[in-house]
Amino acid sequence: MKKNSVCPFKAVVIGVSTGGVSALKFLLGSLPKNFPAPVLVVTHITPDSDDGLAVLLDTMCTIRVKEADEQEFVVPGTAYLAPANYHLLVERGGSLTFSVDPPVNFARPSVDVLFETAADVFGSALIGVVLTGAGSDGSRGLLRIKQSGGMTIVQEPADAELSSMPESALQMVKADHIVCLNEIPRLLTKLLAG
Amino acid sequence: MTPEELFDIEIQLLMEGVYQVYGYDFREYAESSLRRRLSQWLAGSGCATLSLAQSQILRDRQFFDTLLRGITVNVSEMFRDPAFFKAIREQVVPYLKTYPFVKIWLAGCATGEEAYSMAILLLEEGLKGRFRIYATDINEEVIRKAQDGIYPLQELQHFTRNYQHAGGTGSFSDYYTARYNHAILAPSLRENIVFAAHNLAVDTDFGEMNMILCRNVMIYFKQSLKERVLGLFDSSLLPGGFLCLGTKESLEHRRISDRYDTVAARMPIYRKRYEKK
Numbered sequence: 001m002k003k004n005s006v007c008p009f010k011a012v013v014i015g016v017s018t019g020g021v022s023a024l025k026f027l028l029g030s031l032p033k034n035f036p037a038p039v040l041v042v043t044h045i046t047p048d049s050d051d052g053l054a055v056l057l058d059t060m061c062t063i064r065v066k067e068a069d070e071q072e073f074v075v076p077g078t079a080y081l082a083p084a085n086y087h088l089l090v091e092r093g094g095s096l097t098f099s100v101d102p103p104v105n106f107a108r109p110s111v112d113v114l115f116e117t118a119a120d121v122f123g124s125a126l127i128g129v130v131l132t133g134a135g136s137d138g139s140r141g142l143l144r145i146k147q148s149g150g151m152t153i154v155q156e157p158a159d160a161e162l163s164s165m166p167e168s169a170l171q172m173v174k175a176d177h178i179v180c181l182n183e184i185p186r187l188l189t190k191l192l193a194g
Numbered sequence: 001m002t003p004e005e006l007f008d009i010e011i012q013l014l015m016e017g018v019y020q021v022y023g024y025d026f027r028e029y030a031e032s033s034l035r036r037r038l039s040q041w042l043a044g045s046g047c048a049t050l051s052l053a054q055s056q057i058l059r060d061r062q063f064f065d066t067l068l069r070g071i072t073v074n075v076s077e078m079f080r081d082p083a084f085f086k087a088i089r090e091q092v093v094p095y096l097k098t099y100p101f102v103k104i105w106l107a108g109c110a111t112g113e114e115a116y117s118m119a120i121l122l123l124e125e126g127l128k129g130r131f132r133i134y135a136t137d138i139n140e141e142v143i144r145k146a147q148d149g150i151y152p153l154q155e156l157q158h159f160t161r162n163y164q165h166a167g168g169t170g171s172f173s174d175y176y177t178a179r180y181n182h183a184i185l186a187p188s189l190r191e192n193i194v195f196a197a198h199n200l201a202v203d204t205d206f207g208e209m210n211m212i213l214c215r216n217v218m219i220y221f222k223q224s225l226k227e228r229v230l231g232l233f234d235s236s237l238l239p240g241g242f243l244c245l246g247t248k249e250s251l252e253h254r255r256i257s258d259r260y261d262t263v264a265a266r267m268p269i270y271r272k273r274y275e276k277k
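Heads up: the sequence lines are chains A and B, in that order. The first sequence maps to residues 1 to 194 in this note's numbering. The second sequence maps to residues 1 to 277 in this note's numbering.
Because the hints were derived from the structure by calculation, they are not lab data. Please note that a few of the clues may not be correct.
[Unchecked claim] So the derived label-pair ranges between C-beta atoms look like this:
# : chain 1 : residue 1 : chain 2 : residue 2 : range
1 : B       : 52        : A       : 124       : 22 to 32 Å
2 : B       : 165       : A       : 106       : 15 to 25 Å
3 : A       : 149       : B       : 48        : 19 to 29 Å
Source: prediction; values computed, not measured. The beta-carbon is built from N, C-alpha and C at its ideal position, and this holds for glycine as well.
Start from the sequences and build out the full structure, keeping to the hints where you can.
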């Protein structure tokens, strides 16, 4: 460990689709209460969903989990879920905004929109994680994170409930880490410790 | 300096120029959405950078119009968020019925879907001939589309489902005629709507409204512009009038919030208080 080590990352962004609920239960449920970065999550949910998933996850996790609010400033130790039917975007200064621009990759919220805007704001101080899911949402966003010097993590496709989203990401990006879901919490904690 | 930082500077310079030349003020728009929309527009513009495009944007009105379209076009749908329209029907309309005539301002009407949805709802609730909807948008091109009231037929299935979930009491197919893969809304719906251009960032208020709807428009604005627009709404709304925002918007922490009561639980529907005499 370096002396006076400062957390080298300012945020973690996660994209997940099919199989997302159980993956998030495990991943967010395994993060310690003092997790040193905010976690921003896009999971593909139906347009009429309420904040039930965030409420449920909050009861199961030691970190705080909530649905993102408009112009909220992100803080460490909290996971923010994109609300149904809105894109979630990060502004300079670390606040969150929404848009109702057309779906991207047939999805709103779209992982790409979160990843690309987060990469613009956090640059190399960002970790992007693509988990289980169908389709290709998240691939372009992960590429942007990589190009901005951030850290990229993709769930091992064979380990994913649905493999096409991680496979698509791996086709586009030479990921820094390709790991099973159960290794990701430890990996994140290690990366964030610097 | 990173390419992203440089792009941000180009955006600031361009928006200042656009304001001075055309009077459209995007300087207080939230940056991340604006950045995405501008980079999409740029990709299709044939220009390598925003700086190179700027010269033509400031001189060529038609070219500027393509940019305006790129920045301001919003997509909508009829009865978007059915639960919201159900709440309007059940918890707001009973109050509206007590007025001889009801004036409604729908700010940011885009291509008109929401205005027609409101017209259908109020007609079904027996307010025929007793209401007018002033539907405004910054973009004159979408207003022309809104006036036409013609939508791709493939969207109608979705609109119909929304209508049913929103508590529609009739048959949605009575409100349109299908022709050549398009649905033309009944002209009688349009009789209740006045479509007009209005720019929330620079124009003044609309007087004496009983209800104002502005859903998912201010999410694109920074705090300062949000406060300006809410002030505009506050001065346009009669006491006892209703202010309706998008699902993820609220009046919390806003300057005007202490003059408003929440009407429905978990719904961004507010009612302006009567001044205490």
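Right, here's what the structure says about each hint:
A hinted range of 22 to 32 Å for the beta carbons of residue 52 of chain B and residue 124 of chain A is consistent with their spacing of about 28 Å. Evaluation of the 15 to 25 Å hint for residue 165 of chain B and residue 106 of chain A yields a pass: the beta carbon distance comes to about 21 Å. Checking the proposed 19 to 29 Å range against residue 149 of chain A and residue 48 of chain B shows it holds: the Cβ atoms sit about 24 Å from each other.
In terms of the numbered hints stated before, the structure departs from none.
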